[in-house]
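**Student:** Next come the chains, spelled out residue by residue.
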Amino acid sequence: MPIARPYGETEADREFDDALRRIRIVYRNEDGSTDWDRFYEDVHRREEAAKARKPAASRTEGQDGRASADPA
Amino acid sequence: MAEQAPIRRDPKYRSNHNRSVSISGIIDDTLVSRLLPEIVKLQDASREPITVYIDSPGGDTESARLLLDALRASDQDRSEQCRLITVALGEASSAASDILMAGDYALAYPYSRILCHGMRHFISRPTALTRDIAASFAKDMAGLDEEFAITLARNCINRFMFRISRVWRAIESLDDIGAGLFGDNDVPTARGIAQEFHRFLKTNGFVREAVLEQLDVAGLSANSVILFAGRNDLLNVLKTKGDVTAKKEAIRTSILNDALAKASSETDFGSLESKYQLLSDFLEKHHVDVIGGLVSRWSTDLYGRLDRQSATSAKLSEEEHSSNLIRMRITAHLRCFSLWFFFVFFCRQLQTGDFPMTATEAYWLGLIDEVIGLDFASPRRLVENAPDIPPSLNEGFQGAFHS
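Just so you know, the sequences run in chain order V and B.
In terms of numbering that gives the first Met the number 0, the first sequence has 39 at position 40, counting the first letter as 1, and numbering is strictly consecutive.
In terms of numbering that gives the first Met the number 0, the second sequence has 49 at position 50, counting the first letter as 1, and numbering is strictly consecutive.
Chain B with its partners taken away, still in its complex shape (with noise of 0.2 Å):
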């Protein structure tokens, strides 16, 4: 090894019984009257990470989000929040798991399980149910399911990131004649990328083949929005200048207008409206700091073998070098821009049904960060075995990729 330096514990990533709090049960009104003093507790000790040990079925996502509320609250002194470490110890289901991979770092034991669902209404009492009221419900509950999507995607988009940037090589090696995770050119597809992954995915093993499918459809209808943002007649929608409605009316007309043309090949207009959607986000610019801090960190393993031999080649001149690390540099944003709509594609699959997971399948979906005693990749072990760099090497070093 290049640095023989103690392994140095970390406490931002390591689980603590002495300053943790423990979800049990159903989620409900009880269970946060009981919890808020401790966490208060908790916070009003010191600014240090709090474990939130889980087991529980869900439960109410009020009380769920009334939970994480306290737990990220900062205090009188405006101090920094403190770090919230979520441990699987059992059962994470529904708003269990929202609570799970809203963690800082996010831990599963290797026999626990996690279920992810769409909302659910319950009606507690006789209801006078009409097609209005059914139809009110049924549009509320798909602007939660959205909301919840986008919200599980910022929370966890990094952990699949650090699982797209440790696979890589092993996607590119799957085929020596293969193109790799985007191809030889430089246009990165949604599809593509959920067919790589998937097939690395099943190649090993790791998830299983229902939950692979959802990474199917994910590719494939981020693909188609992000070909359909692509569209000239969208891009001048965007430059102009104008308030956001008029924009979103303007793009659900092409939407539609678009519909019409495909007719005779697309016919359903719940994906219309996921289009729609999507759209919006992109056109209200919520994935721009996203995507900026993707490329920061992440771009270096988004090269493909082409790109790296470019970078390095001898042969080339000091000004088609520094052209070819801008080229890079664009095609990492779009790369990190297909990344990123087809992750949160994925998401929101994860709200239309039942998806029951082990702790594995959900550490390869990049929705927690580390399954306790496994020898899996994660950003505990990368920080707290991260090499000094020998001065020798710090001096001298000119990284290609680092700009």
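Here chain V stands alone, though its shape is the one from the complex (with noise of 0.2 Å):
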């Protein structure tokens, strides 16, 4: 089994550690860690906000392989 590409390599590592790092800032509890349930908790709302919203229709949108805004 080939090995996954090293740590940091890629530019999907890059993204990634950009948005954990908004989020630590953005969601920093006062003892310095991440309030990680706050985080999801905001995040569940904005996905059943957007689905609300959403005819099923158009739920494949985004599937072309190029991203959208979903506007929540």
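Incorrect hints may appear among the rest.
Which residues of chain B face chain V? A few of them, derived with a C-beta cut under 7 Å, are [what the hints assert, rightly or not]:
no., residue
1, Ile-6
2, Ala-260
3, Arg-380
4, Leu-381
5, Val-382
6, Asn-384
7, Ala-385
8, Ile-388
Calculated cross-link-like contacts (lysine-lysine; reagent style BS3-like; alpha-carbon spacing at most 25 Å) [said to hold, decoys possible]:
no., chain 1, residue 1, chain 2, residue 2
9, B, Lys-11, B, Lys-138
10, V, Lys-53, B, Lys-11
11, B, Lys-201, B, Lys-247
12, V, Lys-50, B, Lys-40
These aren't lab readings, by the way, just hints derived from the structure by calculation.
All residues carry an ideal CB built from backbone N, CA and C; glycine is no exception.
Please assemble the complex out of the two chains, which come individually in their own frames, going by the hints.
**Tutor:** This is the structure:
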């Protein structure tokens, strides 16, 4: 089984680290830890809101391999 | 919510049937012959991610390796490899589970079944099997199991760390009096990780008892190796200059001496072989780059309550604060070291028998990234929902744990 690419080598790794950095800043607890519970509660709310606004027929949007903005 | 920007759907974390291949049925030469032209065609069209749909009981490991090599191939311009999105549609067993977990992003439908097991050798025609031939087979297969376990660990360690980072506070809050994942002191143990993680998974009913037992065994075994690696005589061997073969021989002697000293309590030479293999990894520094990456990405999540309290204490002088940060960095390194060796040993355990898992179990054990349709934390949701930083926060932020 070939080994996956080493850490930090890909654009996706760099983007992931940047996302992690932004979450750690915005969702930082007073003691310096990250409030993951609050982050995922917010994510859940946004996803539910986006789902409610979106007609079921358009849920395949973005399957063409390109990013699309979901107006949540 | 702090930021109301739109959800950014990221194709690097989503399946796309328009750029996909399907691995279904037995993985063999016939399947490879059918899929290779499809793979080349997709790679020629663009370097966008390729989705690999999987519904297979497994098959020939060499054919699976060939498929993965082809999927990861560059081109004449040495372009970046296409990112692989692997998706378990129904069954992903044996060699098919290897392909699933080797994906850059691995998804599974909640009803899919995943099976991990050790190497098997099928004898297709009458073979005169002697003790020597059988022993030779056994040795070769053990070597392949070892190779697969390390590769699996390298492919999945960031998934496991993602899981640990997510449940960290939940583990700490399981018991207000308890010491949390690593205890109130700075000495991390693989056994401690296994016990606490096990406790978390059991409390929440995510994983069946049979699979949880493997975590315990992995914790015990990895812990003994870590303790063993801390022995002064072995560290002296590591410090000496010389070729790897001589060092390996010195370590082997050290292991045997250790076994003789504890002959009454430890007589299993299979476990000695495992120790030796782990120590070889340690000696050859396979883990160094992996642990460096883990520290860089996850150290913030590995600090305990006491670490955080001391780091944010207003009573400390600047000098004390700075020495605290150095101490915490070292602590994070030690903890990543334990986590890595624990996870390697867990992957070894998966190569020792048959381990059928649901998609949810594979997720909680750190083997896949996302279970489709379930409200679990995943790298996709993290990346797609990461907020932009308000300018005031960005300018003023002096993260105590960011170095």
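**Student:** Each hint: holds or not?
**Tutor:** Results for each hint:
no.	hint	result
1	Ile-6	holds (4 Å)
2	Ala-260	violated (36 Å)
3	Arg-380	holds (5 Å)
4	Leu-381	holds (6 Å)
5	Val-382	holds (5 Å)
6	Asn-384	holds (5 Å)
7	Ala-385	holds (4 Å)
8	Ile-388	holds (5 Å)
9	B:Lys-11 to B:Lys-138	violated (40 Å)
10	V:Lys-53 to B:Lys-11	holds (22 Å)
11	B:Lys-201 to B:Lys-247	violated (39 Å)
12	V:Lys-50 to B:Lys-40	violated (35 Å)
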